[in-house]
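K.L.:
Take a look at the letters that make up each chain.
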Amino acid sequence: MRYERPATIEDVTALLASGGEKSFVLAGGTDLLVRMKNDAFEADLIVDIKAIEGMSDVTRTADGFEIGAAVPCAALGENAELSRVWPGVVEAANLIGSTQIQGRCTISGNLCNASPAADSVPAMVAAGALARIAGPDGRRTVPVQDIPQGPGKTSLRKGEFIEAIVLPDPGPRSGDAYLRFIPRTEMDIAVVGVGVQLTLAEDGSIASARVALGAVGPKVIEATEAAETIIGTRLDQPALDALAAVCSEVSTPIADKRGTVDFRKQVVGVLAARAAKIAYQRAGED
Amino acid sequence: MKDGTAPVTLRVAGREHAITSAPGRRLSEVLREELGLRSVKIGCDAGDCGACTILVDGVQHCACLMPVAQAAGAEIETLETLDDPLVAQLKASFLDHGAAQCGICTPGVMMAAVELLRETPAPSEAQVHEALGGVLCRCTGYRKIIEAICALDTPAVETRPEAGQAVGAPVRRVDGRAKVDGTEVYGADHVPLGTLLVRAVRSPHFHADFELGDVSTWGARRDVIVLTARDVPGENRFGTIPGLEDQPAIAEARVRYLGEPVALVVGAPDVVEPLDLGTFPVEWHPLGHSLTEAEGAADDAPQLHDHRPGNTLIRGRVISGRPEEALAGSRHVARGRFETSYVEHAYIEPEAGIAWLDDDTLVIQACTQAPVLDRDETAKVLGLPKDKVRIIPAASGGGFGAKLDLSVQPLIGLATLATGQPCRMVWSRSESMLASTKRHPGTMEAEIGCGADGRITGMTFHGDFNTGAYASWGPTVAMRVPVHASGPYRTANFRATARAVHSNGPSSGAFRGFGVPQAAIAQESLYDDLARAAGIDRLAFRRLNALRDGDRTTCGQELHGVGLGACLDALAEHWHRATHEAAEFNAGATGALRRGIGIASCWYGCGNTGLPNPSTIRIGITPAGQVMLHQGATDIGQGANTVITQIAADAAGLPLDALTLVGPDTALTPDCGKTSASRQTYVTGKAAEAAGRALRAEIMRRTNLPDCDAIEPVEGGLRVRHGAQVQDVALSGTQTDELGYAIRVEETYDPPTTALDADGQGTPYAVYGYGAQIAEVEVDLDLGTTRVLHMIAAHDVGRAINPQLCVGQIEGGIAQGLGLALMEEFLPGRTENLHDYLIPTIGDMPKVTSILIETPDPEGPMGAKGLGEHVLIPTAPAILNAIRDATGVAALNKVPVLPHRLRAAIRGHA
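Residue numbers (the working numbering), protein chains in the order written: chain A, 226 to 511; chain B, 973 to 1882.
The set of hints was computed from the structure by calculation and includes no laboratory data.
Here the structure is a predicted model, which is why all the values come from computation and not from measurement.
A portion of the hints provided could be inaccurate.
Unchecked claim - Computed cross-link-like contacts, BS3-like style, restricted to lysine-lysine with a CA-CA straight-line distance of at most 27 Å:
# : chain 1 : residue 1 : chain 2 : residue 2
1 : A       : LYS482    : B       : LYS1866
2 : A       : LYS444    : A       : LYS490
3 : A       : LYS502    : A       : LYS444
4 : A       : LYS247    : A       : LYS444
5 : A       : LYS490    : B       : LYS1352
6 : A       : LYS444    : A       : LYS378
Chain B extracted, bound-state conformation (with noise of 0.2 Å):
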């Protein structure tokens, strides 16, 4: 027994644990650890976030916040121990209407709606708000989730699609069940016993070279092992785009950023955890830094690489036909600069995982959007061939771009390489915070020009891109803006150009629309401003200059399948009931309250831009008649396995619960890439489509049908039917291939795309998904404030494979897009927690409409597009646009909009 401890009996649904635990420990660690009771989660160890809800005697509070000696005596109730009708009633809601996303936060949110629900059976909205006002979500935006609680009696639509019905269903996330009964294994779930604990020893200087004292002394003393650059064994530099890594995982002489790990910390986690590290030795010699793009590129300003001379990382540009001139001989032309902010993921699950060996491969169960290139990263650092490294994905706690990026993966594996042993490493919220990419921070300007009948003329627009201290993805922003920046919009003449400039501050990488929605705050201001000046009403604008089938974009790409002008068309109705409200309101307002109607468009490449980005997807059948999907394709929420399975079963004519998924793991699942760019259903997708339907063409051979209606599993293989004849194909005793398989396809898709030249002339993209929201939104004058009222998004997803899912992403990205306008912005060394970095609570997220538009793409499997970014790019500009609309203030320049800065425009526009 530990010095300090004291035995502790905690009533946990009725049943009494006799522990032993130091009486301060925190009741989330002691639940968890001792007691296996997972479903309780660490989000953030300061009663920030609410992911650790459970109910003590029957009232919600934050395990984190409880120190064990005072749950003594009381009732503890948690998701996994509770076992009554309410709470099956719940988690079927939760299913049927799609609350759960990612699921972390999903517990949390039950025990809040469990508390309320024992009061107040059929509440309110008002009344879920009150109760769930301590719980962070940030996939859902909260909407399905309110639903969920509100609508709990309403009997649930069966969804158990005929064969070839699945696509168009809105079918129940078929891997839902772990997470709404607290079951899903994320990355600090999986403890096998006797796993070492590892702590990263990190940098406490923006920038610094540094010397490490007798670190195995210090170690040996303390019974823990200290493991530093030295002690890596392959190649100590990883990154995300070939060419350009630049990373190491463990640094080297140097640190470049706040938080920068210098070494690691390895031993028993009763150990490692109270580790005061502090006291490690390490000589720090602090040198001159930098945080912001501007100074980054000035010509004093500390140089970060020394082959990136300027600290530029990289530039991308568009150049068509002759924007200049086309300005200088425009009717109305209008100018601006624009700031945006780091923005932080802020998903609820820190960075997790655990490495073991198993014989002499490295196993790595963390969590990741993008497996084989943490496979193919981690191997390199540590000097191991590929197929030595396996990487399974833990369920992921959120991920919207940041889990793209290597974590915890080669730290933990060179940890388990050293000592043999299975190890895991859990980042604190503050370390997730100083470690992980954030959104760039850009510095924009633009120019747009129109005729006097409103169509654009031309357009210049420059941006420099905060990228931090390490490539990253920064790269991708400085290609994807220039392509994007016109906005989905004839634009004739145009010069976009862009810079990723590095600076002290966090890397920053990928984070849902790769700078996207940065550009489309310029570029859709400025429309804004343009549609005045010609005296056209702003929709109309938009749907004057929007890009149409056979149009040729900026890169002189020929579109096809543009489904823009159905999405504005089919947002004009609440467009002119909005503008009617809000006149109305505004007319007879004697307070400080106003409001505003505003409106933006988006479109979205789907895939890497202008470089390969295959998928390959691989189906078998056992001799049993067993369906086997592997699908490789990481689902971080947005319903990746649940989409791929709906394709697949279609295109194979298989009902789709006669699908098993298996994967996503290396080891087992061909490389479906990365969850980004928006990819999985249109790339991966297309590859499903592709292999169900090798996979029907197997089967139909063996039978002498002309065609078939549909196909279903039976005892030692499959029913084939067409019309009112059936066939039986035998697999049962028919000889299998290598995996065990009777049958077994595999297929793969690429998009058909072209390297961009140097004027960025190209086909970067196969397929673009489109949509427009309008954002109503009421002001509060006297203290700047801006309550977003609803908004409407009408989305082109080129056919919605599973509309339920869609909309669960037009509501999260909505949630998102809300925070990058309104609240969120990440200072370096500032706000590395979620009570100083705000995200929108159930209570700021307003109304939502969707709507989904069907035009389909010829590319697309079965016609879909990408939806996961396009989302949230035009949420901020809308609301901007709706602020204006409501104040007057055209000078809106910098997000987000917080308070005093509304407030100071106001008082400068007065």
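So here's chain A without its partners, still in its complex pose (with noise of 0.2 Å):
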């Protein structure tokens, strides 16, 4: 196995578009560590990021914030701007794992792990977030739900990788919140996960709003029918139970250990309603 350390994002393409088949890239390690053991397979290249300037960084821009594909979880919490703009990105991040995980992962690499139950990802999807790319051709920015395309499987080229998650400023009267299912209190993989961002008009009610469902399908579905059941609401029942039962309809999970179908969906429904109501708490306090 090779062991690369490079310098510059140019170095982590060229070397990416030189590996093998089995290239990967480190950042916490927290997903490639454990596949490497239980699967036992030994990687031709692992290219860590960990070195390379600003790979580490939570930067403020004009319209947003940019997240270095190497920043652990643990620093979106520490960081208290992004807290206070983005409240359930942040949850969502430290939700994964243990405490320990969360000094080590990345979302970024929670959504190059393609996982349907990631945590991050349904909350980065309601949160409209940005994946910009880099690779052998130059950078290109595509909306997060692009990247993941069923258990373990990405959209990325040869050569690519995820430099950052954009986060956009949300604007005025703005909330979000992410509400996960797991039989234990801590440290376990999302039964159910979802996700919701929504912003209200000047008069309180919601005049936009997105959904988006973990663990409910072979990728996190953005349930656009759902958020249509609650914008122009005040989040009155008949919205809330609208939205449940659209949650639960636009759902496909699939049955195992953790849950029955039945089960997921309607679980999806709840959480979609629970989620939404702190959201719209927030945003009401924004």
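Fit chain to chain and form the complex, with the hints in mind.
P.N.:
Set out below in structure tokens:
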């Protein structure tokens, strides 16, 4: 196994472009090291991106935040400004694994692991987050939901990697929230996860909303129809019931030891309503 | 230098270490194997357990998830490298509060705590939860850990009892220092230079025939030795119960469970560790398989053992009175069918050990609960005389029953005999979960009746238990369950039967309670049905039927020293308070949350069921006046080393710290049997009491005092005090025996039991312990989640030899009972890791109120009874009954009550 710790983004893409099939980007390693042990495979090439300048920074830009690909999730929670503007994204990132995992894992890695149960992804999708990709042919930026293509599969091309996640400013009277369901208190993989982001009109009704559902399909579902049920409302009970019903309807979960299809479809509705309430309250305080 | 390695400089506690390593190697492995920092424990290699938690630049990290190259330049701290007043204070607090039981998670827990305490010197409980959320502990139930961290500033109560006052005092664990220092030696921690590594080639099938290819060429090409069943020199069968040994150390031609070893690979660690065992030459011919008791018992099920038709390992029964007639004539009858799952012990230490040759004796130092069984069975498999095998139990990083079976012992023994070199084996988490025993899954049907006055009239019970591929402790479950199925209640008319059925699941063995926790779920759920039907308060219903002194059990045994009534009485005020609070909460509830309370009791016979299980304790005094206690009971965290020492000291009249522990070690300690069946405090304790008394008599014989108040070692002998009189017994210069002792005593105790007849009548146990617990829970009706808020546990321990250790057992048992009730379900082939198999974390653990009841047992040492297994029996049924109270759902007949199961039941109920 070849292990490289390049200093520039160009070196990363060049290495990845020249590497074999089993070439991997290493940031926190919380997925990669476990997979290498469990599946007992040896990587051809590991490219450690932690030494690259700026890769571990959270940057406030004119219209949002840029989160470098090597920023551990714990650092997001320690960033007061980010936590104020995007509390739901930060909460989601700080639900991944345990305290120790959060000290290493990254939201870019969580995205590229392409698990339908990734905690940070529904929150990012609801937030309208973008992934900035560096590759041998330069940079491109895509919505985060375009990255995962199904369990373990991404749309990244040979030589490409995500260098940063971009979170746009949500504007005034906005709020977001993420809730997930697990059978124990902490340290588990989401059985269902729901991210909600909404912005209120001046009269207090919901002007725009985004709802994203995790672990109820092969990849995270952006539930546009669900969001529409609450736009124009003040999140009264009929709106919440409609939101829950549509979220259940558009979910296509599998049954496994963590929950049946019926259970996941029901829980996704309950969590969507609860998350929407939190986001609504946050938007009102904004 | 191997290909792909590079120089790395690690800075550990300010000191630089230049090493050469593959850059992607796990930091945990490098710290342990290259730098010898063995306080860094490896429990899962996946970031699930936190045992390898260290500080990197002051922040807690799982060292197993950090490639060594990423640690270069950072400041690393491990428990043994920390030397500051805060850490000293934390270690003292852990000792004072009994926060370390087996101690395997302790270094990781302490490192996470150090990070917290550096920032927050006086943390709240919530802050401790937050900081320790990533470290699993399987022994303590976390409560004592939280106390130790939160009460860091509270000065410890001095507990150095006077001679004769040790019993009843909350003395510190006598073997605790190494646990809090991180220097305790577990199965994976003793690695002399030149030790070879052993790995097993395991079956990828549940049931298959196989043919090995050219294994020697395969091995030679890779510079390793391959050992197969053909290389086993003795009888390739081991087991736990005489006559039922059926498990090959290495499979011969057929495998019966997923993960069964078919060959060993032995060689240099850097060769064996990265070896791809997927290329091992073996051809598989998969066979049909069964995984449940129902599948195993089916007419067309694949048969596992030729001599056990129908896959029936054994049946057990207890019959008294006329149960059918009694039920027919009952005013109220409750019946139900209950199912429980495979439950994994999930100790944080996967099985590990090392073997070496000392002249012509094979020495094995591995984690175990049963050193003499290990010796005898390993000797048989390896074709050695028993006295040529010496077992030195390593400190056990948790056991809970599964380390009562052989694991690595015959395998590393074989490798050592074949190579002449020290050989070690360290199972990965998934190997441990594949190859270790489990709690028996059970399918139980029961029917219980009572009169209009609420008195139990009769009961019938049948349980089928999935005993998996090999016998292990299946027979014990099949016997214990019928004996205990009535619960600790007067049941004049009774029939209970149990059957242990083979399947191709993992072997079910011993797990804290031997099937009794499963049976208690059936019985205690039906008691709630009956109490409701009879219109009697649920606690009062149990009090009405509770066994009392002079009552006879369903086996016809007359009981004495029954403290169940006292336990229930002690719970009454809590029950009324909790009832009131839950009703008040629910009256005001508008959302999805509802509260409920539940109660359940337990009883449990201490020691083997109707079979001899003697313990022998030896005490010797050297001419220099040193008192040596040869104590062979393995301490797996429960505290046998401490409790046995307390009893021996008081019986002898010596101060506690005058005794020096020897063993366990089959070469140095007489047989104290197995650490099972909650027998050590009682059986070995009784032997220790007898040995202490005998020692005192021997000493007194050398004086002319009529009696003594205390004995103390002095230079060259002993000083005996009787009131104002003092006499010295000079030992220096006296003749010594072959062990070098001037005085030596040895006493054996075996419980006075009888074998059970065909109807299960007799005296299966000489001592029983009793208890009852209340659960207060909060259920989210929309999500089906249950949060246990508070457990109140009253346990009759006869005499609390060490109250702090008793409470530690209660809290730890409750954590495991909570897991059994709410989250733990081992699915063969799908949950062999600690992220798919969930055990309670610090955040799941409720507040626990422990109440120790001391109704002396006439037989137990100083009145003491066992406790270790009793504590988890009532937890699951109390929680189930509380969920029913909160939701109104009566159909909770399968554990764990996973949220999707509870939601489905709530929907069905609505």
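K.L.:
Can you name, in rising order, the numbers of the hints this structure does not satisfy?
P.N.:
Hint 5 alone not satisfied by this model.
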